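Asker: As a plain string of letters, each chain reads:
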Amino acid sequence: MESLSNKRKVIESKPLNFWERAYLPAILHGLAITMKHFLFKKDVTVRYPEQKREFSENFRGMHSLKRDEEGRERCTACGLCALSCPAEAITMISAERQPGEENLYREEKYAAVYEINMLRCIFCGLCEEACPKEAIYLDGDIIPADYLRKDFIYGKDKLVEAPLNQ
Amino acid sequence: MSIFYFIAFLSILFAVLVISAKNPVHSILYLVLTFFTFTIQYILLNAQFLAIVNFIVYMGAILVLFLYTLMLINLNKDSEPVKSNIIKIAAVLGGGSLLVVIVACLKQVGISQPVLLKDPGLGLVKNLGKVLFNEFLLPFEVSSLLLLSAMVGAVLLATKDPKTT
Amino acid sequence: MGTADILIKFALIVIIFLISLLIAMYSTYAERKVAAFFQDRVGPNRAGPFGILQPLADGAKMFLKEEIIPTHANGFLFIVGPSLAIMTACIGSAVIPWGQKLTIGTHVIDLQVTDINVGVLYIFGVVSLGVYGVMIGGWASNNKYSLLGAIRAASQNISYEIAMGLSIISLLMTTGTLSLREIAEQQHGWHWNIIYQPLGFLIFIVCAFAETNRTPFDLPECETELVGGYHTEYSSMKLGFYLFAEYINMFVSSAVMATLYFGGYNFPFMHSLGLSENWVTILGVIVLFAKIFFFIFFFMWVRWTIPRFRYDQLMDLGWKTLIPLAIANIVLTGLWMTFIK
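Residue numbers (our numbering), protein chains in the order written: chain A, 1 to 166; chain B, 167 to 331; chain C, 332 to 672.
Think of the hints as simulated: they come from the structure by calculation, not from any bench. Every value quoted in this text rests on a predicted model; they were computed, and no experiment measured them. You may find that some hints are simply not true.
[Claimed, not checked] Covered stretches of chain A (in silico footprint by chain C; criterion: 3 or more residues with CB under 8 Å from a CB of chain C, positions within the stretch not fixed): (1) 25 to 31; (2) 36 to 49.
[Unchecked claim] Heads up, simulated DSS-like pairs for lysine-lysine below, C-alpha to C-alpha not over 25 Å straight-line: (3) C:K651 x A:K14; (4) B:K188 x B:K249; (5) B:K326 x C:K396.
Beta carbons: idealized from backbone N, C-alpha and C, even for Gly.
If we strip away everything but chain A, and leave its shape as in the complex, we get (with noise of 0.2 Å):
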């Protein structure tokens, strides 16, 4: 048959000499290689709960409301976050800012509850993407495990950031 292209390797297969078919020279050769690493060798691993690899820049872990420069709240509650979730896993209550809390919230509206279930969301950042005012970031670290599935839906007391000037 032709080849097609010039890449093909003709491999020669010599039938094995006497040491070769001993097996010996290569099980010690192979021992010697398993005894470099034993003796020289540093281990890779990272101990983790101690030691923590960097997070590349653009790994999204666990979702903050962010807060302007004033400290007040930028979500407004518009919703385009949930809408744009594909796991659907945002729900939120907006409720209207009253007189006396504008140092709490940016806008005329707020969210009053603003949940995440972690055990839906698949971190694909497009709410991240959605948001208007810029106050949704996949900036944290990862989910942390734990026994219930209750205890997977996030609300406001572990997504907002923490105030400023505390």
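Assemble the complex: chain A is given as a structure, and chains B and C must be docked to it using the hints.
Answerer: For chains B and C alone, kept in the frame of chain A given last:
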């Protein structure tokens, strides 16, 4: 002496269990135990070499092979061949003649000199080897020839006949 | 034999038993640690400093797991299997000479449980009995994979026992005794048997790998083909017994190799150091254990280097290579003894 009677009782008990066990694998395992009691008997007679060889060869090799084949053959009650009356009569005759021989032998048994006391080192490896290769050289070599021929026979049985395949 | 002597003997038996269990326990830990180092990892390091409590945690886990006896398994034999495996593994250490005689006051303590004059054959007998544990367990599980594993174990053990026996015969020709104590004493100082029997030792160590079911000959429990081999159906401490038996076997066969070929408790210049007899004995015991640990390490080293054999290759190696080599070794030893020595 009481150890002897106890072990002898166990040997006979296990031997009876070998033939009465329903499951063939169980009966092989009882046979293993029977041979183990034989080993103990040899040790009581100070025949250490014989004991350990019995242990290795019979318990360790031959019965493992027995067990091996039995595990592969599915011996159930329904696969057991129906025995015809002629076979049963032949079996009774054969067993009966064996019994006659044993009884005849037992009639001539006298109480022998206890071997143990005369030469305690009789069963040790060195003495046994010297006896085997001096006094009993010819029978020893002849029996080794017998084993060799058995081995060749096994190989012959195992190789395929080129005509039939 | 007075009461004190009997008590000392009893203490010796208990100590040796405990030591073999302890070493088997820590072999599981060492195996994981050694494997980790060979593969540039860390290994167990959570339970206690450097993970040294790991065997205890494993043991506790084994005991607390649910005992499962399959419905169609043969209940009695299913339990007999692992018990037999661990029993045969434990009784092998009875004839190994751990050291010379210790003298405390008027008592002379022989650091060997019993010196029977067919010691080498006794070891053989125990090894050949070990296969029953695997076979009975595999058959009683009523599982095809277990049965296949058991059958593999049986044929492998019987095949390699022959080569092992033949390799030992040439050793016995040079030593002229079957007692392990005498064999150990003959190798005084530097006169280790490995110098006279290098080929025999090579055959012996290959067979030892096969007899203890260690990689590259661990086909009875080959998980890529047989799920778990003969212990597929086992769980809890019964599985633990099987695994434990393997490590005790490894320890005993390391001890046998050290005694037969590497001088046992002997070490060079042992009497020119100017130490008292007791100190030489104690040093000898330490040296013997160092040799044993080296062999256990070697078992692990090979395990993490060489992949598993195929079954026909295993049988080829046993019957077509090792047995003829062992017979050639016997002939060579005979020629050497008649013409040169």
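Asker: Hint by hint, say whether it matches the structure.
Answerer: Okay, the hints, checked on the actual structure:
| no. | hint | verdict |
| --- | --- | --- |
| 1 | 25 to 31 | holds (count 3) |
| 2 | 36 to 49 | holds (count 8) |
| 3 | C:K651 x A:K14 | holds (23 Å) |
| 4 | B:K188 x B:K249 | holds (17 Å) |
| 5 | B:K326 x C:K396 | violated (51 Å) |
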